[in-house]
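So you can see what is in the structure, the chains are spelled out below.
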Amino acid sequence: MILVGELSLWVAILMAAWTTTVSWAGGYQRRSDLVFSGERAMYATFAFTTVASIGLWYAIFTHDFSLKFVSSYSSRNLPSVYLFSSFWAGQAGSMLFWTLILAGYGALAVFFNRHRLRAMMPWVTGTMGLVTLFFLLTTAFGANPFERLDWVPADGRGMNPQLQNPGMAIHPPMLYFGYVATAVPFAFAIGALITRQLDGEWLAAVRRWSLLSWFFLTIGIVLGMWWAYVELGWSGYWAWDAVENSSLLPWLSGTAFLHSIMIQEKRGMLKKWNVTLVVLTFLLSILGTFITRSGVIESVHAFARSNVGPWFLWFLIISTILTAVLVSTRLKDMEAKAELESMVSREAAFLYNNLVLVGIAFTTLWGTLFPILSEWVQGEKITVGPPFFNSVNTPLGLLLLALTGIGPLIAWRRASSANLKRQFLAPSIVGVLAVVVLLALGMRHFYALVFYGLAAFVATTITMEFVKGIGARRRMYQENLATAGVRLVVRNRRRYGGYVVHFGVVVMFAAFAGSYFKKDYAEVDLKTGDTFTATDPWGDTWTFTSEGMNSFETLNRRVTAISLVATYNGKPMGRMLAEKRQHFDSNKAETFEPSTEVAIMEMARQDVYVFFSGLRDADTAVLTFNFNPLVIWVWIGGFIMAFGGVIVMWPQAERRERGYVAELSPQHDGALVGAGV
Amino acid sequence: MKARSKFLIGGLLVLGTSGILMASSTRETAQYFLTPTELAAKVVDNPKFVKVGVKVGAAVVNGTIERAQDGRSVKFSMTDTTTTYKVVYRGVIPDTFTEGVSVVVEGRLNDEGVFEATTLLAKCASRYENEPDRYPQSPSYPTGTKPAA
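Protein chains in written order, with this note's numbering: chain U, 56 to 732; chain A, 20 to 168.
Calculated directly from the structure, the hints in this document are not laboratory data. Among the hints, a few may not be true.
In silico contact screen, one side only, chain A against chain U (beta carbon under 7 Å); selected entries [as the list claims (entries may be wrong)]: (1) Ala22; (2) Met41; (3) Thr45; (4) Lys67; (5) Phe68.
Note that CB positions come from ideal geometry on N, CA and C, so glycine has one too.
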């Protein structure tokens, strides 16, 4: 089976090469037999990549440690879930996994679009085949998971304890699903550019794939934040680390695209910009992969310096140049059909939204690449730290938050003062009131006040939209509140799903602002029976009493746990368990350094976060206490965003045309559109 | 004035402001990222350089790690194979910190030439470097057979 898998990898390479050659030749000569052959070769590429992957999984589950990859990242006593996920725990396997998704997407894109966009599809198929070919070659020659050792270890090294976490088992696949999905819109962009079919048609296909990519990237990024928070022990979830940043970059440009595409659909503007964004999103995800896998930039999460770096660099350079040339020869096919009419219009709001998103992406890219840039320019590596990213991206983020409220409600073309007053008077009042109330409550942090004022503003605009829409349905169809609410969303998924996403953004920004109230951590020695008393950022009193330590063995590790009894303003809050774990292999030989499991008590207003550093003596634990305000809302906001994404993506078969038209009605009135008219 | 020009002016304002912010905060937070050899060269060039906070990327020398019992501080040596510095660090020690791993430390040299680190980052060693052929003597492979090279 393993041998079959290995051979399949090589057959897949041939198939991918065939896909590209034949599809492009078919597109060029307009020969349908070649085009058809190319399509089948794309399916075959996927099939053989699947067999190769099954081969690797088989090797992992049968513990064939003669494979270097298997002995490096798994062991006999690893729980099955993590055996499954050890597939992508190391460079070589994750490359194969990435290729598997890519080939799968390629096959799906071909399958769903083969009867539409006939002229364009061969080029799309060929481009998908080429990108897949690149990944297959990189896997086979740069990081081959089927590479054998010249000896057979009795057991594998096992998986890094920090990766033995349910979040970490699904975080990489989510990110890969998102990253890789950017290749499909890219292939469509290439197809559209080559065939000069740059009007509407291809956008519908591209939009769906961009949404899919956005959806998975959102989940992947939030899971990554969660993993960093619960596993790394520094009580934060985002450090502007190079690898974190590189997952954010395609998310930002993809988000920009999902907004600007609406302007092209509605007004025929921004064609060049949209093509640029599609291409940029793909290149940024390749760049992200390069940063993560080449080791050119120091990062806690980066893979070590490896030989796939140059592969990605060349791919990046060549595809950038080729795409730039292709775009420049097609500029006259992308003239806008309309002009911006007024600064006070939805077009302008969306343009600013794009400007800000790309601005954040540029800042982040600049900060991430700064060590490389400075080395080129000055010959010395200079790094910039988190304050750099925060000081530039915070004001930009606030502007973005404001636009989140303004964009969806302001009229197209030119907003009348009546429109402005109807949509924004109440939300502005609520926003100002929120700031006044917070000031009265004693909040003095400037950015936090702006954050919460804007959050209140945006939340009000969204609430008003739902109230108006539900009210209209109830009047028109005599529906009860629940039915009207559900139908409002279900019949206008794109619009109301979008609002749900925006609401998630508001919740998340409000949670980010909570970090302004974080206090310094407290480091404490706690003997069994001792009590530590602390005041949280809200002025409430906590006590933590040590019940002592306990040591036991479970699964693949020895655990030393300390048990703390917590009280909150005198009220008992139950136990918190912080652990130190020593992992071992099936021969009880210790593997890895001791790892730490943080104790976290999650509440709406804050997390209590206790890190168990070590032992002063047999009876005294060294603990670090943190109160992290509002952190739970980051995860809730992320969940709401993903949920909104599902609503937007959910296929809307029979009603699609109507909903589509209604959404794009020129001077749309919330109530009427809400009613599905 | 046409809407397009107004938009461009607005856009330039946004970009200009972010540009200024970027420039100033680049200057404020910029830090040298050096290897131990480069750090040594800088100190020879300019003895006052020891006062400058820097980041150093290096590997932990095997067998030099001395952890304090409470798990809050650690002493070790870091090297780029040419130059070696002693490091003292106090704070949360990452779970991935171990012998031979690459680390990035942030801090400055003290008068004795010991690097006093305020942050310590360690690469997830296992994820990238637990290649079994580098550990043929590891107790994890008691019955493994490595042919004589």
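Outcome of the hint check:
no. : hint  : verdict
1   : Ala22 : 5 Å, holds
2   : Met41 : 5 Å, holds
3   : Thr45 : 6 Å, holds
4   : Lys67 : 17 Å, violated
5   : Phe68 : 12 Å, violated
Hint violations for this structure: numbers 4, 5, all remaining hints satisfied.
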